[in-house]
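Trainee: All chains should be built: construct the whole structure from the sequences, respecting the hints.
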Amino acid sequence: MSAGPRYTLYHPGWYRRRVSVWWWLQNRSYAGFVLRELTSVFVAFFAGVYLWQLRALAQGPEAYAQFLARLKTPLFLALDAVAFVFVLFHTITWFNLTPKAMVVRLRGKRVPDHVVVGLNYVAWLVVSGVLAFILLRVRS
Amino acid sequence: MPSTVALTVARYRPEKETEPTFQTYEVPLRKDWVVLDALNHIKDTLDGSLSFRWSCRMGVCGSCGMKVNGKPKLTCAAFLSDHLPGPIRVEPLDYFPIMRDLVVDLTDFMQKLKKVKPWIIRKEERPPAEGEYLQTPDQLDAYKQFSMCINCMLCYSACPIYGLEPGFIGPAAIALAQRYNMDSRDEGAAERLRILSEHDGIWQCTFVGECTKVCPKHVDPAGAIQQYKLTGATQWLKSLLLPRGAR
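Those sequence lines, one after another, are chains X and W.
According to our numbering, the first sequence is numbered sequentially starting from 1041.
According to our numbering, the second sequence is numbered sequentially starting from 2.
Honestly, the hints are just simulated from the structure, not real lab data.
Virtual Cβ for every residue (Gly too), placed ideally from N, Cα, C.
Accuracy of the hints is not assured; some may be wrong.
Stated by the list, open to error - With a straight-line Cα cutoff of 35 Å, these simulated DSBU-like cross-link-like pairs (lysine-lysine) come out:
{"no.": "1", "chain 1": "X", "residue 1": "LYS1149", "chain 2": "W", "residue 2": "LYS239"}
{"no.": "2", "chain 1": "W", "residue 1": "LYS124", "chain 2": "X", "residue 2": "LYS1140"}
{"no.": "3", "chain 1": "W", "residue 1": "LYS72", "chain 2": "X", "residue 2": "LYS1140"}
{"no.": "4", "chain 1": "W", "residue 1": "LYS230", "chain 2": "W", "residue 2": "LYS145"}
{"no.": "5", "chain 1": "W", "residue 1": "LYS72", "chain 2": "W", "residue 2": "LYS44"}
Unchecked claim - What the simulated footprint calls covered on chain X by chain W, stretch by stretch (three residues with Cβ under 8 Å from a Cβ of chain W suffice, anywhere in the stretch; the number is not a length):
{"no.": "6", "segment": "1052-1063"}
{"no.": "7", "segment": "1067-1077"}
{"no.": "8", "segment": "1139-1148"}
Claimed, not checked - Using C-beta positions, here's what the derived DEER-type ranges look like:
{"no.": "9", "chain 1": "X", "residue 1": "LEU1065", "chain 2": "W", "residue 2": "ILE196", "range": "31 to 41 Å"}
{"no.": "10", "chain 1": "X", "residue 1": "VAL1081", "chain 2": "W", "residue 2": "ASP33", "range": "47 to 57 Å"}
{"no.": "11", "chain 1": "W", "residue 1": "CYS57", "chain 2": "X", "residue 2": "SER1069", "range": "23 to 33 Å"}
{"no.": "12", "chain 1": "W", "residue 1": "GLU125", "chain 2": "X", "residue 2": "ALA1172", "range": "51 to 61 Å"}
{"no.": "13", "chain 1": "W", "residue 1": "THR22", "chain 2": "X", "residue 2": "TRP1164", "range": "48 to 58 Å"}
{"no.": "14", "chain 1": "X", "residue 1": "VAL1144", "chain 2": "W", "residue 2": "THR46", "range": "51 to 61 Å"}
Mentor: Below, the structure is given as structure tokens:
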């Protein structure tokens, strides 16, 4: 009786390649992916600023004025601008990926990808509109 | 169109080299030739020692996957004329150990594939006398896309996660697990989820998305993994909130 084919795992004669530290520069989509992962740092930055704002708000009008003054310094304006670009990139890339993760079926048919993506943008606009309405009304 | 094109082919002969080298061959440039035709021309007329895998030469068997000009491709579907001007670089698929020239070892994938139980699991098998398990066209549609996988390994070669974390079960195996999960005849989803929600399963994937781009059969493994993550997360939440019987 034959024992069947036998494989040698980790054969010494086989050549194994190491992944370069710079693998993400190999092509555009890898670089885009790493950039998208990096955006989470800036999302966290915005979240941190919000928490800071809440704390200032709780400490009273003087602290809040100080907080606002600090936000207007060139350093913060520059940081905000960079963070905004990254957060925008974050939002758009993730919106465009949603149809991959969410397959919506209506009456047995798959809803086309661009509809799923489009609904995300519509929801974004609606939420932004509602927020702008509330904020502007409070101001006036 | 020039009459010939240069093909720079990766060579690795373990008996005389310690690492891969490149060898350039001049092959006739014909409009209807794919890279695999050129490799066969080399093997037949220029250098019989060149090793590579192929079988059906029509995108069905999945054996001729290689990197052409740095991109994982089925060489039977990669036309020479689409890769001009030469030299066209042909290399073995990334991340798998190279056995010889363009031949890589796929044992790792074979073991992972078996691990995800890619077959129909029934709690109780129906006796054959009672007839086949019926399925509507809609039920077939739910998984058909994932069933098109030909195990060509292009997705593994495109996945940097698989390169960095060799334990990762990988795109094709997860897509094939999903193929059986979505099958109305199957009852093994819970068993597979247990395996795939482990450390080396779906959560290793960070959604680079390259696997879907290189797939010659439009299987969309990245989609399969993300959808599976959704299922995994919902199941986890259910197990947290619901009593045992209601899950």
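Trainee: Now, for every hint given, state plainly whether the structure supports it.
Mentor: The hints, checked one at a time:
no.	hint	result
1	X:LYS1149 <-> W:LYS239	27 Å, holds
2	W:LYS124 <-> X:LYS1140	31 Å, holds
3	W:LYS72 <-> X:LYS1140	22 Å, holds
4	W:LYS230 <-> W:LYS145	20 Å, holds
5	W:LYS72 <-> W:LYS44	23 Å, holds
6	1052-1063	holds (count 7)
7	1067-1077	holds (count 5)
8	1139-1148	holds (count 5)
9	X:LEU1065 <-> W:ILE196: 31 to 41 Å	34 Å, holds
10	X:VAL1081 <-> W:ASP33: 47 to 57 Å	51 Å, holds
11	W:CYS57 <-> X:SER1069: 23 to 33 Å	29 Å, holds
12	W:GLU125 <-> X:ALA1172: 51 to 61 Å	59 Å, holds
13	W:THR22 <-> X:TRP1164: 48 to 58 Å	53 Å, holds
14	X:VAL1144 <-> W:THR46: 51 to 61 Å	55 Å, holds
Going through the hint list in order, the structure satisfies each hint without exception.
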